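Listed below are the residues making up each chain.
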Amino acid sequence: MDILTQQLINGLVLGSIYALVALGYTMVYGILELINFAHGEVTMFGAMICLAVIGALAGNGTGLDGGVIVLLGLLAAIAVCMVMGFLIERIAYRPLRRAPRLAALITAIGVSIVLQNLAMLIWGKQYITFPPLLPLVRYELGGAVITNLQIFIMVLSCLLMAGLLVLVKHTRLGRAMRATAQAQDIAGLMGINTHTIISVTFVIGAALAAVAGVMVSAYYGLAHYYMGFMLGLKAFTAAVLGGIGNIAGAMLGGLLLGVIESLGAGYIGALTGGFLGSHYQDVFAFFVLILVLIARPSGLLGERVVERA
Amino acid sequence: MNILQTRGLEVAYGGIRAVKGVDLTVRRGELVCLIGANGAGKTTTLKSLCGMLAPSGGEILYEGSPITGIPSYELVRRGISLVPEGRGIFGRLTVEENIKIGAYARRDGAGVRADQDRLYDLFPRLSERRSQQAGTLSGGEQQMLAIARALMSRPRLLLLDEPSMGLAPMLVQKIFEIIRRIAEDGVTLLLVEQNAKLALQASHRGYVMESGKIILTDSAAALLKDPKVQHAYLGG
Ligand SMILES: Nc1ncnc2c1ncn2[C@@H]1O[C@H](COP(=O)(O)OP(=O)(O)OP(=O)(O)O)[C@@H](O)[C@H]1O
Ligand SMILES: [Mg+2]
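As given, the protein sequences belong to chains C and D, one line each in that order. Just so we're aligned, residue 1 is where the first sequence starts under the working numbering, counting upward by one. Just so we're aligned, residue 1 is where the second sequence starts under the working numbering, counting upward by one.
Next up, chain C with everything else stripped away, as it sits in the complex (with noise of 0.2 Å):
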């Protein structure tokens, strides 16, 4: 078996969940310049709320279609997240608009905890399995072997991320995302309703987590009230890879981090004689950050970094 080709496979796979993710921060961040921190926990609910419908609806005798209902959790994941996410921005982060940037971000690490906790209230403290519904399939490629949920995950992720592209660049609501991103006021001034078009972002951010939430918790067959923490942290580490605030820049920066992730935990034994395991591929994550942002403090794609106070 190709080695490198499989680590390759596994870190594009892994990258396009992070990217996924990574969205949804930098989007958030491009025009409040607010870290989200309890993104990670809406990702955490697309999977818990997918595996409670799939729970509630497989082996009851209702005659469904592993498929089908693993599309319905899915399609219930995005729903509610999307309910979330508005929420969050309206309860949570709305009164602050006008208050100093560290009140928000304190705000929004409470959020997470609060979403954690409500969580591990509703689901408990054990991992929850993904239940084996869908037929797994392998192919051969180039001495490596893919599976048709890999393929499902890369296809629907690039599908995902083509259109919010489209929308955000040709679109009318996309237009007034940027205007609104780049001048809240001046957008105002053009007739936009900026409050609008934070929650349309939200929303549209935890659409896009919801998804992922899903796809991870397939993927590892697991899921539990913790697991949004380190996938955020992941995600938001990519979305500063790529340069926070940039779209395309969370979208490349979430494959790079799978793929360095991956590549890094197929090696890492090798390249340090035994001494450090594959365990250690979270480190590499974090070590390739800090590398990025010596050679270029805005990230890959990022434009320029504004000194605030």
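If you are wondering where the hints come from, they were derived from the structure by calculation, not from laboratory data. Keep in mind it's a predicted model, so treat the numbers as computed, not measured. Where is the CB? At the ideal position from N, CA and C, for every residue including glycine. Possibly wrong hints are sitting among the right ones.
[Claimed, not checked] Sample of chain C residues with no beta-carbon within 12 Å of chain D, all distances over it, derived:
#: 1; residue: Gly59
#: 2; residue: Leu75
#: 3; residue: Leu87
#: 4; residue: Gly110
#: 5; residue: Lys125
#: 6; residue: Thr129
#: 7; residue: Leu156
#: 8; residue: Met190
#: 9; residue: Gly221
#: 10; residue: Tyr280
[What the hints assert, rightly or not] Covered stretches of chain D (in silico footprint by chain C; criterion: 3 or more residues with CB under 8 Å from a CB of chain C, positions within the stretch not fixed):
#: 11; region: 75-85
#: 12; region: 195-204
The hints should help you fit chain D with the ligands onto chain C, whose structure is shown.
Frame of chain C, contents of chain D with the ligands only:
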């Protein structure tokens, strides 16, 4: 008939009052200018008129009804548009996108396209640079873009905040020509200017503002001859 009237308008930043009881009247079809020294409160006044700042006191009447406290994105739909101080163009959007976003509130696609073509005729420089990032335009071109963008909303009342700021004399003349043409098209204009002479020469009437208050108002011709105005604002 008055298109705009303020009564005892007050605007404050935190506890600091920047506009202290201003009474302004603008009649339909007029070109009125508001002049005054730096920090007099001109920008603050305009921002409150277009809904960017909520007044702390007094009343604003537009086309006969109170608009105090209505946000700017609503007022655009009612026909009030501002060309902000410093132009406020969206630097990372293209020229064309800036123009299009000026018509954000409009739903008449055909009318928007017609207006867009008309404005490109009026500003050929912008037409040549449609797909360029607006942030790369020269100062004069950016000012043209800011005016064109504001016109895309089809305003009935256009507020202009120092459109000639930072421009070379030739361009200042050009901007004033454009302002006259907009007025001839029937748009009511309230113009804030540092360049008091040119502003008064273009206007029907003028207001002189000092430390948040209107200290003088008259026809533009009379203000141009007023010794106080000549001394303080016309360098005479
Ligand atoms: N955002 C703000 N916060 C606090 N004070 C402000 C703010 N903006 C303006 N001011 C103050 O309000 C007063 C009026 O300012 P304004 O900008 O309206 O003046 P202006 O007449 O437009 O001056 P200029 O000709 O320099 O543009 C000034 O004393 C200014 O310092
Ligand atoms: Mg000013």
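Here is how each hint holds up against the structure:
1. Gly59: Correct as stated: the minimum Cβ-Cβ distance to chain D is 51 Å, above 12 Å.
2. Leu75: Given a closest Cβ separation of 32 Å, the condition holds.
3. Leu87: holds (22 Å)
4. Gly110: holds (27 Å)
5. Lys125: holds (46 Å)
6. Thr129: holds (46 Å)
7. Leu156: Per Cβ check, Leu156 (chain C) is outside 12 Å of chain D; nearest 29 Å; holds.
8. Met190: violated (5 Å)
9. Gly221: Given that every Cβ of chain D is farther than 12 Å from that of Gly221 (chain C), nearest at about 43 Å, it holds.
10. Tyr280: Tyr280 (chain C) is indeed farther than 12 Å from all Cβ atoms of chain D, at 40 Å.
11. 75-85: holds (count 5)
12. 195-204: violated (count 0)
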